[in-house]
Amino acid sequence: MRKGWFGMADLSVTVCGVPFKNPIIPASGVFGYGREYAQYYPLSMLGGIAAKGTTPLKQNGNPAPRIAETPAGMLNSVGLQNPGMEAFIHNELPWLLQQDTVVLANFAGPSPEACAESAAKLDATDVHMLELNISCPNVKNGGLAFGAQADTAAAMVRAVRNATKKPLVVKLSPNVTDITEIARAVEAEGADAVSLINTLLGMRIDLRTRRPILRNNTGGLSGPAVFPVAVRMVWQVSNAVKIPVIGMGGVASGKDAAELMMAGASAVQVGTAVLTDPYAPLRIVQELNAFLDENGIASAAELTGTMQPW
Amino acid sequence: MCQSTNNIIIPTLRYPVRCMEQLNMTTWSMVVDCPEVAAKAVPGQFVHLLPDGNYTLRRPISICEINRSAGTLRLVFEVRGEGTETLSHLRAGDMVNLLGSLGHGFTLLEQKQPVILIGGGIGTPPMLPLAQYYGEQATVICGFRNAGAAILQQDFAKAGAQTVLCTDDGSAGHHGLVTQPLAELINERKPAMLYACGPMPMLRAIANMAKAQGIPCEVSLEERMGCGVGACLVCACNIYLDDGSVHAGHVCKDGPVFDAERVVWNG
Numbered sequence: 001m002r003k004g005w006f007g008m009a010d011l012s013v014t015v016c017g018v019p020f021k022n023p024i025i026p027a028s029g030v031f032g033y034g035r036e037y038a039q040y041y042p043l044s045m046l047g048g049i050a051a052k053g054t055t056p057l058k059q060n061g062n063p064a065p066r067i068a069e070t071p072a073g074m075l076n077s078v079g080l081q082n083p084g085m086e087a088f089i090h091n092e093l094p095w096l097l098q099q100d101t102v103v104l105a106n107f108a109g110p111s112p113e114a115c116a117e118s119a120a121k122l123d124a125t126d127v128h129m130l131e132l133n134i135s136c137p138n139v140k141n142g143g144l145a146f147g148a149q150a151d152t153a154a155a156m157v158r159a160v161r162n163a164t165k166k167p168l169v170v171k172l173s174p175n176v177t178d179i180t181e182i183a184r185a186v187e188a189e190g191a192d193a194v195s196l197i198n199t200l201l202g203m204r205i206d207l208r209t210r211r212p213i214l215r216n217n218t219g220g221l222s223g224p225a226v227f228p229v230a231v232r233m234v235w236q237v238s239n240a241v242k243i244p245v246i247g248m249g250g251v252a253s254g255k256d257a258a259e260l261m262m263a264g265a266s267a268v269q270v271g272t273a274v275l276t277d278p279y280a281p282l283r284i285v286q287e288l289n290a291f292l293d294e295n296g297i298a299s300a301a302e303l304t305g306t307m308q309p310w
Numbered sequence: 311m312c313q314s315t316n317n318i319i320i321p322t323l324r325y326p327v328r329c330m331e332q333l334n335m336t337t338w339s340m341v342v343d344c345p346e347v348a349a350k351a352v353p354g355q356f357v358h359l360l361p362d363g364n365y366t367l368r369r370p371i372s373i374c375e376i377n378r379s380a381g382t383l384r385l386v387f388e389v390r391g392e393g394t395e396t397l398s399h400l401r402a403g404d405m406v407n408l409l410g411s412l413g414h415g416f417t418l419l420e421q422k423q424p425v426i427l428i429g430g431g432i433g434t435p436p437m438l439p440l441a442q443y444y445g446e447q448a449t450v451i452c453g454f455r456n457a458g459a460a461i462l463q464q465d466f467a468k469a470g471a472q473t474v475l476c477t478d479d480g481s482a483g484h485h486g487l488v489t490q491p492l493a494e495l496i497n498e499r500k501p502a503m504l505y506a507c508g509p510m511p512m513l514r515a516i517a518n519m520a521k522a523q524g525i526p527c528e529v530s531l532e533e534r535m536g537c538g539v540g541a542c543l544v545c546a547c548n549i550y551l552d553d554g555s556v557h558a559g560h561v562c563k564d565g566p567v568f569d570a571e572r573v574v575w576n577g
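Protein sequences appear in the order of chains D and P.
Each residue of the first sequence is one higher than the one before, counting from 1 in the working numbering.
Each residue of the second sequence is one higher than the one before, counting from 311 in the working numbering.
None of these hints come from the bench; they were simulated from the model.
Quick reminder that beta carbons are idealized off the backbone N, C-alpha and C, glycines included.
Among the clues, some could well be false.
What the hints assert, rightly or not - According to the in silico footprint, chain P covers these stretches of chain D (three or more CB under 8 Å from chain P):
hint, region
1, 128–135
2, 164–172
3, 197–208
4, 265–278
5, 297–308
Stated by the list, open to error - The list that follows gives simulated cross-link-like pairs (lysine to any residue, SDA-like), each with its CA atoms no further than 25 Å apart:
hint, chain 1, residue 1, chain 2, residue 2
6, P, LYS563, D, PRO110
7, P, LYS563, D, LYS165
8, D, LYS165, D, THR209
9, P, LYS563, P, ALA493
Said to hold, decoys possible - Here are a few chain D residues that sit away from chain P, every Cβ distance over 10 Å (derived from the structure):
hint, residue
10, VAL18
11, GLU36
12, TYR37
13, TYR41
14, LYS52
15, GLN81
16, SER111
17, THR152
18, GLU187
19, ASN239
20, MET262
21, GLU294
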């Protein structure tokens with residue numbers, strides 16, 4: 001066992017057989033393909049990177065404004081702007097794979113067939129894990145269209161599962177009646193892990209113009225405001241499935257990360273906090289390490305699922 | 311894992327405010343002591359400020375003065391909401407959380423060429439570093455709502471630039487839009503370059519005049535921003551690529567300064 005590099009505790013975790021140096025992963029969407037943050041610190045200090053959600057073909061996303069601040073959080077309606085799967089695999093992934101960290105290729109598409117095709121292309125690369133996004137609230141075709149119901153989610157995962165042997169993580173939406181039902185459905189179709197929560201659908205209005213602030217009218221709510229929802233859903237899902245859960249949703253500190261792990265997460269993604277502070281993922285690793293040291297906990301992996309409900 | 315034994319020191323991004331001055335009812339001028347940021351900053355760039363308190367998003371503020379020898383940046387901003395209101399409460403000696411300098415700045419020509427700088431309202435501050443660079447070769451046309459909203463006129467004069475002031479209500483300078491004196495100045499002597507920052511209708515009109523006259527023109531755009539470094543893809547603006555196709559670019563990284571001919575004005 002190697003010693004964690006931030007202090008005494010062992011920060012390493014293993015998810016779906018893939019070893020991570022630490023459990024902290026910048027979430028898909030806030031980190032691009034990593035290049036912008038490599039000027040601030042070596043990306044090798046991160047547990048992993050969830051790359052920007054990529055669709056089969058280039059997408060321009062939604063019109064601006066695409067962001068609005070909200071109490072303890074924000075709304076976004078980027079709408080999966082990306083250069084397309086071929087461009088990702090040829091122009092971005094080779095560089096990302098040289099950064100000595102685990103790479104999760106986040107992908108979405110308009111149909112199970114299209115996603116299966118993307119999965120097959122990614123399967124032929126050295127990417128470590130695939131993260132299938134069936135939960136983007138900001139695109140009309142694909143995204144949440146598949147993740148909102150168990151049968152469509154299952155059909156999507158079935159098609160993708162047949163196209164890849166790589167560890168397959170399925171990213172789930174909180175905008176559903178019962179997230180455990182969706183989680184069980186994707187587990188039954190062979191998902192190796194689930195990640196949650198994507199953003200909660202929300203809206204704000206400019207009182208002066210009586211128009212929505214976002215040009216897309218609605219957007220996804222994220223940030224500390226959604227953290228308690230994430231804790232609850234990670235707890236519910238980790239009790240409902242046997243596969244690992246990667247937790248996310250408003251994590252802004254090492255203690256938040258520890259809390260989400262106690263609720264059942266094997267690793268933790270950090271999204272909105274990166275917009276507030278580009279160094280947030282590193283700070284969270286340091287804070288998590290301090291938490292473990294201060295409480296005499298030998299390893300981060302020991303935290304997972306240790307919360308005792310009343 | 312050789313880096314493993316060394317804890318890295320995470321930058322706090324906090325810098326001391328050297329002075330704070332209120333320019334009018336809604337506009338503040340802040341000088342920040344940030345030598346390593348000032349050393350790299352160029353005209354047209356911005357810094358991303360995080361107000362203290364429960365804020366999730368930073369506020370992009372354009373750079374109004376770069377003083378490398380003093381190691382300071384001057385930032386002039388308008389109070390538009392709670393975040394900028396909080397920033398306006400900072401005083402000399404307080405610390406401000408500043409990420410930067412960010413973005414793509416203005417193209418600087420050889421200093422001896424005549425240029426025209428056009429600032430509309432709170433779009434005026436990023437024109438000052440250009441005026442300080444071009445000195446008496448610069449003519450600055452500024453447009454404001456009224457006399458009370460006018461800012462930085464003495465700073466432009468001190469830089470050696472000619473100043474033309476316009477107000478919407480005629481309470482100071484020319485009564486009307488910046489485009490009227492701009493057309494006259496272009497007729498008198500064709501400038502080597504136009505630089506502009508302000509409301510989109512003003513920028514669109516200036517871009518059209520520049521194109522019609524064959525004058526290179528750069529504009530600084532504004533959009534609601536997220537990360538500020540080009541990763542989150544929030545601050546989208548449509549721009550033309552070399553092949554004429556439209557690309558969803560981003561104000562923070564591709565801009566905030568764009569060649570006016572690259573901007574899709576109706577987009």
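Subject >> Hints violated by the structure (numbers, ascending) >> reply: 1, 2, 3, 5, 6, 7, 8, 9, 11, 12, 13, 14, 15
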